[in-house]
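Asker: Sequences are here, hints too, so could you generate the full structure?
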Amino acid sequence: MAAQVPFWRAAVLSLLLLAALLIGWEMAVKGAGGSAGPAVDPELAALLSPAAAAGGRSAMPAPSEIGARLLELLSDPFHRRGTNDQGIGIQIAYSLGRVAAGFSLAALIAIPLGFVIGMSPLLNAALNPFIQVLRPVSPLAWMPLALYTIKDSSVSSIFVIFICSVWPMLINTAFGVASVRREWLNVARTLEAGTWRTAFRVILPAAAPTILTGMRISIGIAWLVIVAAEMLVGGTGIGYWVWNQWNNLSIADIVIAILMIGLVGLALDRLLALAARAVAWQE
Amino acid sequence: MDGMLPVTTKPYAAVEGIARRFPGLTVFQDLWFGIHRGEFVCLLGHSGCGKTTILNILAGLDRPSEGAVVVDGREIDGPSLDRAVIFQGHALMPWLTAEQNVAFALSCRYPSWPRQRLREAAREALAKVGLREAAERKPAQLSGGMKQRVGIARALAIQPKMLLMDEPFSALDALTRGALQEEVSRLVTELGQTAFMITHDVDEAILLADRILLMTNGPEARIAEVVINTLPKPRIRATLHHQPGYHELRDHILDFLITRSRTLAGKPPPGWDPRHPPEVRPAG
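Protein chains in written order, with the numbering used here: chain A, 1 to 283; chain B, 1 to 284.
Hints may be right or wrong, so weigh each one.
To be verified - Covered stretches of chain B (chain A as the covering partner; in silico rule of three or more C-beta atoms under 8 Å from a C-beta of chain A):
| # | region |
| --- | --- |
| 1 | 79 to 92 |
| 2 | 134 to 141 |
Claimed, not checked - Residues from chain B that face chain A, not an exhaustive set, calculated with beta carbons under 8 Å:
| # | residue |
| --- | --- |
| 3 | 59 |
| 4 | 61 |
| 5 | 95 |
| 6 | 105 |
| 7 | 108 |
| 8 | 110 |
It is worth saying that the hints were derived from the structure and are not from the lab. Just so it is clear, CB atoms sit at the ideal spot from N, CA and C, and this is done for glycine as well.
Answerer: Printed below as a string of structure tokens:
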């Protein structure tokens, strides 16, 4: 275990590192653009890319430009001007909506099913091979099958979120339920607590921290996968937006999207961590 | 309630020829004993003679390989609210406060009670074991002795017909153990509570029990002897060892635990009647 460090010292170091990174980046981009000069024939460059045409200057924007673009995007995040011009807030909301739908569906199925699997050693043994084979499959591998059967691309991406977030919740719920202490179950039995009272008043609170850990892993994976899924199916969402900006070669927007995806992922994780703390217990 | 044996009446709980067998191993067999209303019976023996299994069978948590347990005239087939168990490890739910732990038990006993009534009854039960101030605390914030007190409060709150205790004080330090033994002795006497306790602590058995069942070592453990504790009640730990007969009683039990539990183990002597093991009154 590392010794505790004061918060402010870590914070100052973090800010210094960030500043060094941004300054280094800014200088690298500006410096390269100024001195190198056109390295290729201008006509060929014009065919290749707009950036090359701009005098061989890298398409990589400086942090200052990214910052300006970020302010511009955030000044009107929820605008809608046609299907291909919607604010970044709208795009993130689409992605969050799909994650919420797929994740909730997965929780609705995985937690009760995990409960049953955890209570029944027979079901556990019987279903284990299926879980073990399906769990390592990349969720995107389901995408063609989903598109073929469901047809609707938006629903397909929700299905992909469902299928990737179902496993950690299922496995953790089953494990948490199966490892509830014998003595607590014995207490419930001697009190003639009955199946439902035992399930909701003893097993569920006992397993809740393990279940929440599964949910936290799931939401993390879901947020990773939604970006890739939206890149594939297109239309709306932050993943689609990233891909669109790549086609426009607006690297600044891509960097901003990465930052946004990171921040939203962090927020989702914090949210589940808070929920986990609410149900945590210690002996 | 004078605590003496109502020998002539039928016992409240009767253990009838129970055995626990595994392939190639008999832990105990042919066990017969009864527990009368208002009586405190201790089962004393070394580890490995199946003491905890016997208690679990009485509680209905476990089933014997042979034989049966008859409580109140009926053969038991599972746990019952009439037989409360105080577990060796306190077995409190760590996500509930002391009060909620007791209230949970009460809500099983009295499903129709409103929340407020459950709360008040739980507080009252905790007050009886001296934990009025600790009602809002979670088990993690309680000492070992306090946790076991909550366990006792939980068991007594549901007003069981019989209290079953599985070495309830073995995990506690000597000082706390002594205090809790006296507390249990007081509560059980006050309530006239029928009780059965597993222990390997001689002094605990002498302090609490009306009858002490001595078990031989396993495998094939059996009740070798029934010791009648004739020391007058209430028994106070501080003065108990000055009582006439105390040392004879204690020496007798210690002799059994040290040597005779071993030498008597295995095949019973000829003419042995498992239903009526010899009764002794070492304290006179």
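Asker: Please go over all the hints and tell whether each is borne out by the structure.
Answerer: Consistency of the hints with the structure:
1. 79 to 92: holds (count 9)
2. 134 to 141: holds (count 3)
3. 59: 6 Å, holds
4. 61: Holds, about 6 Å.
5. 95: Interface hint status for residue 95 of chain B: holds (4 Å vs cutoff 8 Å).
6. 105: 5 Å, holds
7. 108: Since the shortest Cβ distance to chain A is 4 Å, the answer is holds.
8. 110: At 11 Å from the nearest chain A Cβ, residue 110 of chain B fails the 8 Å test, so the hint is violated.
In this structure, only the earlier hint numbered 8 is contradicted, and the remaining ones agree with it.
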